[in-house]
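Chemist: So the chains spell out like this:
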Amino acid sequence: MSKSNLSSKKLDRNRIADVLIIGAGPSGSVAAKHLAEAGIDVVCLEQGHMPDANKYSGRRPEWELVSQKQWHPNPNYRDGERDYPINTKESAVHPLMFSGVGGSATLYAGHWTPFMPSDFRVRTLDGVADDWPISYEELTPFLEEIEREVGVSGLGGNPAYPPKMGYPTPALPIGKVGSKAAECLDAMGWHWWPGTNAIPSLPHNGLNACVRRGTCMSGCPEGAKSTTDITHWPHAIKAGARLITGARVRKITTNDAGLATGAVYVDQSGREREQKASIVIICANGIGTPRLLLLSANSRFPEGLANSSGLVGKRLMMHPFSAVQATFNEDLESWRGPFGQNISSYEFYETDKSRGFVRGAKWGIMPAGGPLGATSFVGSKAFTDPDAKVEDMWGTNFHDMVERRFGRSMVWGIIGEDLPEESNQVLLDPTLTDSDGIPAPKLLYKVSENSERMLRFNEERCVEACLAGGAIETNVFHQMPDTGWHLLGTCMMGNDPKKSVVDQWGATHDVPNLYIFDGSTFPTSAGLNPTATIMTLALRQTRRLIEQRQKQEVA
Amino acid sequence: MMSLIDDTRRTTFLGISDVLIPEFEGMPAASSVEVHGKMLDHILTLRPDLVEDFLRGLDASCGKDPEFAAKELNEGDHLALSAIGLVASAGYYMTPQVRNLIGYPGQESKPDTDPDATPEYVSNGMLQEVIDRGPIFKPTPLKSNI
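Residue numbers (our numbering), protein chains in the order written: chain C, 1 to 555; chain W, 1001 to 1146.
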């Protein structure tokens, strides 16, 4: 084995890259930009393509209709050319993701909610799950730097967080929806704060300012929602990184010494190719990453790559999610954007064991969309009763429902912390494959009793607040299946190689030059949207890799 | 797509769409805004995935009383009725006439005129009440148990 001084020389197509990144989503993009700017040769393989903002439907009248199919976040339902299927027959939550440069953030709502101090110490504080090997304080400088790259909008001083640097752009308007939601929480004396969003209110780092079109979750046609195809890849490519799209990675290759040597992938035309590299970083999300490690099993690593702990694929966390739709007897213009979070509440975030569960949940208020939104939620027909009679949902009741709800409703999203359990896991399906014949993942996932109690408690409090604020109708949608936006935990980070897959720097314990920088490394999930912490962690790990480049063991 | 929707199917759709979306308190029936005309073909072009369920429902309903047909589909082929209902309602709310009636301008661009202006929730003291209640996070313990 040798030590390598990672070079800054440019690569030709067949040259061994210094670093191969698999996946051009939030974490892979951060790594690519910063490694390339440090003079390191970077190649990134992305199974999807560079997004074309002109294809986003937000400016067209059919936006709501096509959002329910072509831009649906569930790849099994969307069934796009670059999606891979996922067996979810034994999963209570359906995973949501998008293949493309920018990753699943292409369809996210941009809720920017960094993990809280307590999230890194749940074992110490609550006696459950595991502490992280790093702390909130260690991550904060990297968070503040990432927020500048992302162009976060927000208002400083939120008492739910320790003091930190302000945001690079002012908070977006909370609108009539946010004002009404704040009135509801004020009526109870509960916490709220103007939403922090990865949606800039002013032009920033290649992004345009938000125009409040409200179609964030089907791709922003204004270039005003922060995704890394805009914020990071132009910098990475300018610095010399090479991005190969339409590339489905089949396996990570290793040598006799047990070091990673690159990856085999299937290109857009179906040809199998190999990209060699001195270091490999996987950034393929909490399902794609363990899938790839399991696919890479060989005689030296018969249970899958980096899996001596047996934990690859286990401890899947997806955040069971409930929604509360509240309707008011006044015009809230609730089709108007942004479709991030107008305000959020952390009132019930920290543990209070008298509630019958540990940990807690964040609430975020969102608009309700257009007239079809009166019967659906981000593409899911969640508000439809399968046992309803025709006249319950249609006829004069249809007009009544749209008249009552359209423009006058808002939707609280309740994200509860999902504690890790080894029985919740990602496996390889024995028969299902993607269109290139690569085995697809299969999920085993049940909602825990703790999550069930947590969601019920928060739903009840949320309804109380809505009624206190004057709601004329509330509808609770408990633990909706199509809500697995956050795919976490399947390659756990820790200090003990017997109980974790990677160390705090994302290096796998078993393969010294194989790294994982995505959310699969999270020991716990918090009760928050994870993109802020995923990107922050990726920056910290990338910086460490750059600093340690002289000492890095490579094939 | 045009060849899939012959006059018989179009007439069947017209009947069921008026059951689902009738005239009511100033709102027009689906047929009044021509959801069964060019809009129908347009919707099916936008959502080809709906075609199979949609046509199956229409063919099973051909010649039947529309109200009875809708009830029969709801009980025996819910997916078909859902497809017919989505085609009807999507087309209905895409027509300018209906959008005007419900006060929906579509997902329009309406930028914030002054992002640096002091928000009302600050100037009216609402947010100060939240701040005055103090921090609500639990600080990181000095030592971890790992």
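If you are wondering where the hints come from, they were derived from the structure by calculation, not from laboratory data. All residues carry an ideal CB built from backbone N, CA and C; glycine is no exception. Honestly, I wouldn't trust all of these hints.
Some chain W residues well away from chain C (every beta-carbon gap over 10 Å; in silico) [unchecked claim]:
#1 L1004
#2 D1041
#3 P1141
Which stretches of chain C does chain W cover? Using the computed rule of at least three CB atoms under 8 Å from a CB of chain W, they are [as the list claims (entries may be wrong)]:
#4 51 to 65
#5 113 to 120
#6 188 to 201
#7 288 to 299
#8 359 to 372
#9 461 to 469
#10 499 to 507
EDC-like mimics (lysine to aspartate or glutamate), calculated; alpha carbons at most 16 Å apart, straight line [said to hold, decoys possible]:
#11 K446(C) x E90(C)
#12 K176(C) x E1067(W)
#13 K1071(W) x E391(C)
#14 K389(C) x E1075(W)
#15 K389(C) x E1072(W)
#16 K1038(W) x E1067(W)
#17 K1143(W) x E138(C)
#18 K389(C) x E1023(W)
#19 K251(C) x E272(C)
#20 K353(C) x E274(C)
#21 K69(C) x E81(C)
#22 K251(C) x E274(C)
#23 K1143(W) x E272(C)
#24 K1138(W) x E272(C)
#25 K1138(W) x D126(C)
#26 K69(C) x D1112(W)
#27 K389(C) x D1077(W)
Chemist: Now look at each hint and say whether the structure bears it out.
Modeler: Here is what the structure says about each hint:
A cut-off of 10 Å between C-beta atoms confirms that L1004(W) is not in contact with chain C; the least separation is 18 Å. Against the 10 Å criterion, D1041(W) stays outside the reach of chain C, whose nearest CB is about 13 Å from its own CB. With a minimum CB-CB distance of about 5 Å to chain C, P1141(W) fails to clear the 10 Å threshold, and the non-interface call is violated. Against chain W, the stretch 51 to 65 of chain C contributes 7 residues with a C-beta closer than 8 Å to a partner C-beta. That satisfies the three-residue criterion, and the hint holds.
Against chain W, the stretch 113 to 120 of chain C contributes 4 residues with a C-beta closer than 8 Å to a partner C-beta. That satisfies the three-residue criterion, and the hint holds. Remark: the stretch 188 to 201 of chain C is confirmed as covered by chain W, as 6 of its residues place a Cβ nearer than 8 Å to a Cβ of that chain, reaching the required three. Three residues within the 8 Å Cβ limit are the bar, and the stretch 288 to 299 of chain C against chain W gives 0, so the coverage statement is violated. For the stretch 359 to 372 of chain C, the assignment as covered by chain W holds, since 3 residues bring a beta-carbon within under 8 Å of that chain's beta-carbons and 3 suffice.
Given a C-beta distance limit of less than 8 Å, the hint that chain W covers the stretch 461 to 469 of chain C is violated, as 0 residues qualify and 3 are needed. Counting residues of the stretch 499 to 507 of chain C whose CB lies closer than 8 Å to any CB of chain W gives 0, which falls below the minimum of 3, so the coverage claim is violated. Between K446(C) and E90(C) the alpha-carbon distance is near 8 Å, which keeps this suggested pair within the 16 Å criterion. With a CA separation close to 40 Å, the supplied pair K176(C) and E1067(W) exceeds the 16 Å bound.
For the proposed pair K1071(W) and E391(C), the alpha carbon gap of about 9 Å is at most 16 Å, so the pair holds. At roughly 8 Å between alpha-carbon atoms, K389(C) and E1075(W) fall within 16 Å of each other, so this suggested pair holds. A C-alpha spacing of about 10 Å is found between K389(C) and E1072(W), which places the hinted pair at or below 16 Å, so the restraint holds. Distance check on the hinted pair: K1038(W) and E1067(W) sit about 24 Å apart at the alpha-carbon level, beyond 16 Å; violated.
Distance check on the hinted pair: K1143(W) and E138(C) sit about 14 Å apart at the alpha-carbon level, within 16 Å; holds. For the proposed pair K389(C) and E1023(W), the alpha carbon gap of about 19 Å is over 16 Å, so the pair is violated. Of the pairs offered as hints, the one joining K251(C) and E272(C) holds, with about 11 Å between alpha carbons and a cut-off of 16 Å not exceeded. As the CA atoms of K353(C) and E274(C) are separated by approximately 53 Å, the hinted pair breaks the 16 Å bound.
Among the hinted pairs, K69(C) with E81(C) is consistent with the structure: their alpha-carbon atoms are about 13 Å apart, no more than 16 Å. Only pairs whose Cα atoms come within 16 Å are accepted, and K251(C) paired with E274(C) is accepted, the gap being roughly 10 Å. Restraint check for K1143(W) and E272(C): not satisfied, since their Cα atoms lie roughly 50 Å apart, outside the 16 Å limit. For the given pair, K1138(W) sits about 51 Å from E272(C) by alpha-carbon distance, which is inconsistent with the 16 Å threshold.
Pair hint K1138(W) plus D126(C) holds up; C-alpha atoms about 12 Å apart against a cutoff of 16 Å. For the proposed pair K69(C) and D1112(W), the alpha carbon gap of about 30 Å is over 16 Å, so the pair is violated. With a C-alpha separation of about 13 Å, the suggested pair K389(C) and D1077(W) falls inside the 16 Å cut-off, and the hint holds.
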